[in-house]
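The listed protein sequences correspond, in order, to chains U and A. Each number in the working numbering comes from the position in the first sequence (counting from 1) with 792 added on. Each number in the working numbering comes from the position in the second sequence (counting from 1) with 46 added on.
The hints are simulated quantities; they were obtained by calculation from the structure and are not laboratory data. Hints are not guaranteed to be accurate.
The calculated lysine to aspartate or glutamate pairs, modelled on EDC-like cross-linking and capped at a C-alpha distance of 16 Å, are [unchecked claim]:
1) A:62 to U:1000
2) U:843 to U:947
3) U:1043 to U:1000
4) A:62 to A:116
5) U:1057 to A:162
6) U:843 to A:162
7) U:843 to A:137
8) A:63 to U:911
9) U:843 to A:98
10) U:843 to A:132
Among the chain A residues that face chain U by a calculated CB cut under 10 Å, a handful are [stated by the list, open to error]:
11) 69
12) 72
13) 89
14) 93
Beta carbons are placed, not taken as given, at the ideal position from N, Cα and C, and that holds for glycine.
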Amino acid sequence: MASVDAKSSPKSRPALATTYEGDDIALLERIVPLIDVIEISPDAIARSDAKRACLRPEVLDEYAAVAKSVEFIAHGIGLSIGSFDRWEEGYLHLLDGLFERFDLEWHSEHLACTVVAGENVGTMFPLPRTEEVLDLVCGRIRLLQERYRVPFLLEHVIHLLPDAPAEFTPAGFLNAITSRTGCGLVLDAYNLECDAFNQGLDIMAFLDELDLGPVRELHLAGGVQHNGFHLDIHSGRTRDRTLVLAREIVKRAPGLRVVTFEFLKEAIMLLGHDSICDELTRIRQTIK
Amino acid sequence: MIRLELYQRGLLDLVKKRCVAPEDPYLRRVAESRALVVVREIAVWWRVFQIEAQCRFTSRLLKHLRCFHEVVTSYFNSNRTSPFVEELSRDFLGSLRTHDLLLIRTIAQFEYAFVEVRAGCTEGFEIEWDRHPDLVFQALDNGNELPAPEPECVYRMRIARELPGMVACSREAVVPGDSQTE
Chain U
793 MASVDAKSSP
803 KSRPALATTY
813 EGDDIALLER
823 IVPLIDVIEI
833 SPDAIARSDA
843 KRACLRPEVL
853 DEYAAVAKSV
863 EFIAHGIGLS
873 IGSFDRWEEG
883 YLHLLDGLFE
893 RFDLEWHSEH
903 LACTVVAGEN
913 VGTMFPLPRT
923 EEVLDLVCGR
933 IRLLQERYRV
943 PFLLEHVIHL
953 LPDAPAEFTP
963 AGFLNAITSR
973 TGCGLVLDAY
983 NLECDAFNQG
993 LDIMAFLDEL
1003 DLGPVRELHL
1013 AGGVQHNGFH
1023 LDIHSGRTRD
1033 RTLVLAREIV
1043 KRAPGLRVVT
1053 FEFLKEAIML
1063 LGHDSICDEL
1073 TRIRQTIK
Chain A
47 MIRLELYQRG
57 LLDLVKKRCV
67 APEDPYLRRV
77 AESRALVVVR
87 EIAVWWRVFQ
97 IEAQCRFTSR
107 LLKHLRCFHE
117 VVTSYFNSNR
127 TSPFVEELSR
137 DFLGSLRTHD
147 LLLIRTIAQF
157 EYAFVEVRAG
167 CTEGFEIEWD
177 RHPDLVFQAL
187 DNGNELPAPE
197 PECVYRMRIA
207 RELPGMVACS
217 REAVVPGDSQ
227 TE
């Protein structure tokens, strides 16, 4: 079973990663010298042909062209690991294709549900922190660990809707998952800030309670405020306060290996290549 | 504790506006929350973004007619939507085949056919316009007033892979009881 411990080799400073979803060679050429790792979202580089999704070969070729300069990790959106009935086999088909083509250091998913009874919900539902969900998610993590033989990481998602009745605290639930399965964690600094703003999460108390040993990756992003809520739409540069939090997490998470700046493909026009490159340089300085 | 199935089915129904007064106390709290409005907006916002990018002319026409957001929201609430933009676009355009306005039906058919043929479909499509298609596209591109219908003729557009530029169009005069290509 591929637990995070098996590959844990803490480095003096984490590597820098960013998202890249294809179709912008000029951007790829500019970011590759600035980063160590590309985070690939299989869902974002897939197209659906005759009701079956497959990875776009032209985008895979773009990654292959820079494979000597960077490493790759995968970060999914559509597995729906927490659906009450079944997860999305179609996502695993995409992930299989990615593993066939590239050596991935690890793969990760959101601790969430995107499909209910076969219907895409159009967003991500967080999962209630209950024993029922713990059993369900841990069982599925074990299947993933057996299937891919590289570490699997889970990322906490933001909570906009009122919190469901729970048997665990937010950190306690993640601790229970990592201790039962040996899986790793992706911490998202901006998601924590959203939860602090929207739900009153005490971030420092959360970090104090969380077992930070399994944290392998840290996500950074910028979002927007809308109708009184902070939204985790990866459309902007990272706020200074997010970087302050990032520095704290880097200091406290002994096994942290990668810090990833996430931005939506749709936000590239808004941000511009220069701004993305500046942001990567700024984050590199921050995590030194 | 709320059971996972009840929780997820309940949230889905609330997001899709299929349920207004759930019995479960937690779901009732969600139904009354401000956050539910925002979650619905986000879910529709993603569909809007994808449809705008993939169904360019249909989106422009719907915006021109000031009903784009309403049509996408209604589509999202009433249908299973694919996370894949190709399927979403096809299904959305397909859903407009029964729209009340002829021009919306026509543009959606045109865009559907174009998407299909560009994706490799070997079938040909024929679309009948009640006004000059180029003038419609120009109006949508420039934000000008749409051309009026031309009751004395129809524009018969063919979309197929083997055609130069994949499109051909002819104007046909409407003669009661007969038709004649000009």
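Going through the hints against the structure:
| no. | hint | verdict |
| --- | --- | --- |
| 1 | A:62 to U:1000 | violated, 38 Å |
| 2 | U:843 to U:947 | violated, 28 Å |
| 3 | U:1043 to U:1000 | holds, 13 Å |
| 4 | A:62 to A:116 | holds, 14 Å |
| 5 | U:1057 to A:162 | violated, 24 Å |
| 6 | U:843 to A:162 | holds, 14 Å |
| 7 | U:843 to A:137 | holds, 12 Å |
| 8 | A:63 to U:911 | holds, 14 Å |
| 9 | U:843 to A:98 | violated, 21 Å |
| 10 | U:843 to A:132 | holds, 10 Å |
| 11 | 69 | violated, 15 Å |
| 12 | 72 | holds, 6 Å |
| 13 | 89 | holds, 3 Å |
| 14 | 93 | holds, 7 Å |
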